[in-house]
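Going down the list, the protein sequences come from chains Y and S.
For the first sequence, the working numbering assigns the number 1 to the initial residue and increments by one for each residue that follows.
For the second sequence, the working numbering assigns the number 743 to the initial residue and increments by one for each residue that follows.
Simulated from the structure, these hints should not be mistaken for lab results.
None of the values given here were measured: they were computed from a predicted structure.
Treat the hints with care, as some may be off.
Here are some, though not all, of the chain Y residues that point toward chain S, as calculated from beta-carbon distances under 10 angstroms [said to hold, decoys possible]:
#1 Gly67
#2 Trp70
#3 Gly248
To be clear about the criterion: a stretch of chain S counts as covered by chain Y if any three or more of its residues have a C-beta under 8 angstroms from a C-beta of chain Y, and this derived list gives those stretches [stated by the list, open to error]:
#4 749 to 756
#5 900 to 911
The calculated SDA-like cross-link candidates involving lysine to any residue, where the alpha carbons are at most 20 angstroms apart (straight line), are [to be verified]:
#6 Y:Lys540 - Y:Pro376
#7 Y:Lys598 - Y:Lys385
#8 Y:Lys232 - S:Thr899
#9 S:Lys791 - Y:Gly575
#10 Y:Lys523 - Y:Glu216
#11 Y:Lys63 - S:Asp892
#12 Y:Lys63 - S:Asp868
#13 Y:Lys704 - S:His772
#14 S:Lys791 - Y:Glu216
#15 Y:Lys385 - Y:Lys63
#16 Y:Lys385 - Y:Pro370
#17 Y:Lys64 - S:His862
#18 S:Lys903 - S:Val780
#19 Y:Lys280 - Y:Asp291
#20 Y:Lys251 - S:Thr792
#21 Y:Lys251 - S:Asp892
#22 S:Lys791 - Y:Lys64
#23 Y:Lys64 - S:Gly890
#24 Y:Lys257 - S:Leu790
#25 S:Lys830 - S:Asp851
#26 Y:Lys519 - Y:Gly141
#27 Y:Lys64 - S:Arg795
#28 S:Lys791 - S:Val780
#29 Y:Lys232 - S:Asp892
#30 S:Lys791 - Y:Ser374
#31 S:Lys879 - S:Trp778
#32 Y:Lys285 - Y:Gly575
#33 Y:Lys312 - S:Glu789
#34 S:Lys830 - S:Tyr853
#35 Y:Lys257 - S:Pro788
#36 S:Lys791 - Y:Lys519
Heads up, the beta-carbon is just placed ideally off N, CA and C, and yes, glycines get one too.
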Amino acid sequence: MANRRDFIKIAGLGTASIALANPALKALNNTFFSPADPLSAGLYRTPMVCEICFWKCAGWTYKKEDGTIWKLEGNADDPNCNGRLCPRGTGGVGTYLDPDRLKTPLIRTGERGNQTFREATWDEALDYIAEKMKGIAAESGPESIALFSHRTGSAYFNDMLKAFGSSTYAAPSYAQCKGPREEAFYLTFGETIGSPERTDIRDTKCLVLIGSHIGENMHNGQVQEMSDAIDKGASIITVDPRFSTAAGKSKFWLPIKPATDMALLLAWINVLITEGWYDKEYVEKYTFGFDQLKAHVRSFTPEWAYGITTIKPDVIRDTAREMFNASPAVIIHPGRHTTWYGDDTQRLRTVAILNALLGSWGRRGGFYNPDRISLPQMPGPEFPKPARTWRDYYPDKYVLAGEGVSNVLVDASIPDGEREPFVKAWFVDATNLIETLPDKRRTLEAIDKLELIVAVDIMPMEITGYADVVLPEATYLERYDDIRVSPGRVPTMALRMPAFEPQYNSKPGWWIARELGLKLGLKEYYPWENIEELLEWQLKQVDSSLDEMKRIGVKVLPRSYDDIYFAPGEDIEFGTATGKIELYSTQLAAEGFDPMPKYTPHPQPPEGYYRLIYGRAPMHTFSRTSNNQHLRNLMDENNVWVNPAIAKRWGIENGMEVWLRNQDGVVSNFPIKVRVTERIRWDSVYMVHGFGHGNKLLTRCFGKGASDTQLITNVKIDPVMGGTGMRENFVTFLFEPEEVIS
Amino acid sequence: MRYAMAVDTAKCVGCSDCVVACQTENDVPHGFARDWVVEVNFGTYPELKTEIRSERCNHCDNAPCVRCCPTGASKIVEGGIVLVEHDKCIGCGACITSCPYDARFSHPDGYADKCTFCEHRVKHGDDPACVAVCPTKCLYFGDIDDPGSDVSGVIRTREYKTLIPEAGTQPQIYFLT
Ligand code: SF4
Numbered sequence: 001m002a003n004r005r006d007f008i009k010i011a012g013l014g015t016a017s018i019a020l021a022n023p024a025l026k027a028l029n030n031t032f033f034s035p036a037d038p039l040s041a042g043l044y045r046t047p048m049v050c051e052i053c054f055w056k057c058a059g060w061t062y063k064k065e066d067g068t069i070w071k072l073e074g075n076a077d078d079p080n081c082n083g084r085l086c087p088r089g090t091g092g093v094g095t096y097l098d099p100d101r102l103k104t105p106l107i108r109t110g111e112r113g114n115q116t117f118r119e120a121t122w123d124e125a126l127d128y129i130a131e132k133m134k135g136i137a138a139e140s141g142p143e144s145i146a147l148f149s150h151r152t153g154s155a156y157f158n159d160m161l162k163a164f165g166s167s168t169y170a171a172p173s174y175a176q177c178k179g180p181r182e183e184a185f186y187l188t189f190g191e192t193i194g195s196p197e198r199t200d201i202r203d204t205k206c207l208v209l210i211g212s213h214i215g216e217n218m219h220n221g222q223v224q225e226m227s228d229a230i231d232k233g234a235s236i237i238t239v240d241p242r243f244s245t246a247a248g249k250s251k252f253w254l255p256i257k258p259a260t261d262m263a264l265l266l267a268w269i270n271v272l273i274t275e276g277w278y279d280k281e282y283v284e285k286y287t288f289g290f291d292q293l294k295a296h297v298r299s300f301t302p303e304w305a306y307g308i309t310t311i312k313p314d315v316i317r318d319t320a321r322e323m324f325n326a327s328p329a330v331i332i333h334p335g336r337h338t339t340w341y342g343d344d345t346q347r348l349r350t351v352a353i354l355n356a357l358l359g360s361w362g363r364r365g366g367f368y369n370p371d372r373i374s375l376p377q378m379p380g381p382e383f384p385k386p387a388r389t390w391r392d393y394y395p396d397k398y399v400l401a402g403e404g405v406s407n408v409l410v411d412a413s414i415p416d417g418e419r420e421p422f423v424k425a426w427f428v429d430a431t432n433l434i435e436t437l438p439d440k441r442r443t444l445e446a447i448d449k450l451e452l453i454v455a456v457d458i459m460p461m462e463i464t465g466y467a468d469v470v471l472p473e474a475t476y477l478e479r480y481d482d483i484r485v486s487p488g489r490v491p492t493m494a495l496r497m498p499a500f501e502p503q504y505n506s507k508p509g510w511w512i513a514r515e516l517g518l519k520l521g522l523k524e525y526y527p528w529e530n531i532e533e534l535l536e537w538q539l540k541q542v543d544s545s546l547d548e549m550k551r552i553g554v555k556v557l558p559r560s561y562d563d564i565y566f567a568p569g570e571d572i573e574f575g576t577a578t579g580k581i582e583l584y585s586t587q588l589a590a591e592g593f594d595p596m597p598k599y600t601p602h603p604q605p606p607e608g609y610y611r612l613i614y615g616r617a618p619m620h621t622f623s624r625t626s627n628n629q630h631l632r633n634l635m636d637e638n639n640v641w642v643n644p645a646i647a648k649r650w651g652i653e654n655g656m657e658v659w660l661r662n663q664d665g666v667v668s669n670f671p672i673k674v675r676v677t678e679r680i681r682w683d684s685v686y687m688v689h690g691f692g693h694g695n696k697l698l699t700r701c702f703g704k705g706a707s708d709t710q711l712i713t714n715v716k717i718d719p720v721m722g723g724t725g726m727r728e729n730f731v732t733f734l735f736e737p738e739e740v741i742s
Numbered sequence: 743m744r745y746a747m748a749v750d751t752a753k754c755v756g757c758s759d760c761v762v763a764c765q766t767e768n769d770v771p772h773g774f775a776r777d778w779v780v781e782v783n784f785g786t787y788p789e790l791k792t793e794i795r796s797e798r799c800n801h802c803d804n805a806p807c808v809r810c811c812p813t814g815a816s817k818i819v820e821g822g823i824v825l826v827e828h829d830k831c832i833g834c835g836a837c838i839t840s841c842p843y844d845a846r847f848s849h850p851d852g853y854a855d856k857c858t859f860c861e862h863r864v865k866h867g868d869d870p871a872c873v874a875v876c877p878t879k880c881l882y883f884g885d886i887d888d889p890g891s892d893v894s895g896v897i898r899t900r901e902y903k904t905l906i907p908e909a910g911t912q913p914q915i916y917f918l919t
């Protein structure tokens, strides 16, 4: 069998032809008029794809009889949500209705950051941007215009900039989030994890969460499947210094000393190998470097790890046995936000190796082989090859990074000695960079140097306050977008379409990108006038149509290859240099990195300071939803969790407001209420990310709670792929605000 | 027929989707809620236990709110659902005080409001909005008199408790432990 990664690509095209040959697809058999269906009550619904987070659940927008919004519901045929949106998705109504939305294009008139803008027409705003872009391109090359984007799925702005001659692009979801895990699994298995994750949780017998708090992170399909697994009696092992929601559902909770996860993971490998608790046939047939690994982990005993992690040796052995007994239906979960301490790719390599030893990759209840359809693109000219990329500017940095690294683009925006910065302008699309990137001071330093900043968003965020031009986008309930083609157990297509006209003077992303493209003289790259024309053409190629998709919302397609799991004894060529699962990474060795993971001690908090741990609440996405009234009803500020023993030492009571100061003297802009709780270890504090907004135009959430990002000034860069480790920041309590440094 | 609900606390993650789905489904005004989520923690670090419960009106068999209603606006309809007839309600608040679960609130339009078990949906055979949306499928709804219903099944096979049983209200929300 061919390299599986390539196989999937080919399979994408294959699916199209299968679809042509087999029109009798599951989606055609839908009945969508249930007796209670509001359609029959004279109400109607439009297909939508949720954009409150990256899970991209498909569903329906329902209207009331007067044409105003009623509710959002999941589409029962969508495997991402199975008819059940998460609280954020259900509360997406509040995003559409938010009175603080950006309403019309704005052009800056005062200093960057002080929010003085004048209203502009679209023509004016786009002319302004086009002129600036042309000037910058003439002087420094089009590639000096960088795009930061975290929209879900559509590539309109990427394509517009590529056509203009720039591939300088980064999504913070890589170097601030899942990058280390993607690279670690790619180095080990020759394939990444992807999104939605290919974890076969619903059929697992043992789910190990180390640095993942499913249930608080509301990644819909995974939350649903964890619940299914609980129903079926799966055991959960949770490693977390905090008694997370998942820890409360676990057979084993390992309250680890923060920053020592690597020692535990290595000790687990030691136990599996020493006790012979691994899949010998699988390891023999599929892996490379077992003997080196065996020698490498010999000294990493549970007794060694106990001194580091505070987890007792018998607990380490018991949990290792639990995993082995469940194997291959076991998942050592790779997590998602994995940028912690700077050795994150290596830590995720230990996770990958554990899964390999237990034979869970490619097995039921472990990791399945996903499938996805790729829709053909309308014929048009090739994008020009950019004259330079950030890799030419930094030839020796992060050679193993598989995607653009946002913090590198920030670095490349700041003069470095005599060297001209590579990046001269930022196009910021649907990402609040100020709250997304750690080390805000550095972000602001870069912003200060730029010749142009354009922000496309639906809300006034911190970043829009710094933009030269702000472009108000229509929300996901008011626009078409690319067809969603998520990978999964089965390939699917889902349609996002407008249920309402764009409110105010907002416009859909595709329209904004195309209009700007036209002003930049890129007409030949737009062989379509209207997005419906493009979608109709694409859907035709796979034997569907816009009409069909409007009716069903989601189309489930047959798999293009049938091996969702490896067949027993199947010969497989993995996409690594050796064609095997690399326990010993030849590629890391070739680049001068440790071919097998090592434990490096990380600093612990100084006296009177506590490690700042941050995470997610199920009712909010990043800093994106804090102003949404429907979701504010559920949570309108974050709290800082403090262990009762520590609270007592400081004389802190539950509900008291404190300011936080970090190791570098940075004080939180706003006070935050303390939640005194046993659920957090004494050496750490915890808060949910995404609060403490500093943009006054967010009238509901301005100054509510505190921002973790502001306190993350110590950044540990992962030398393998450039990720920004953010968990080595320590905070202490102040009872009065001090002079604010940042 | 007797409608009842079971809440599996082993699966509930407290995401509050039930709360926001109820709000949009039933146009519950901001600042009020017909259902809510409770988190209870026991023990000291690291010997801990958390129970998370999605709560709402218990649609009691022996409902004090119905008994004390001076106008008959609070009533029990088919399937044992406790409802408030808005037109008949004079907003006196007696029912709000009488409910041991604090399930009722005074709607800005002047009547007492609370969970209806989504009577408008269940009469068509659909689940209440909170049940239909729950990502963990921790809410079971159905006819407790029908031994084949999901809710009967879990109540038969799992350990459960009800809230404040000593109030004698005979609540119909069962919490699986
Ligand atoms: S997980 Fe929730 S927020 Fe994310 S796409 Fe699905 S419904 Fe929307």
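Check: For which of the previously enumerated hints does the structure constitute a violation, in increasing order of number?
Finding: 1, 5, 7, 9, 10, 11, 15, 16, 21, 22, 23, 27, 30, 36
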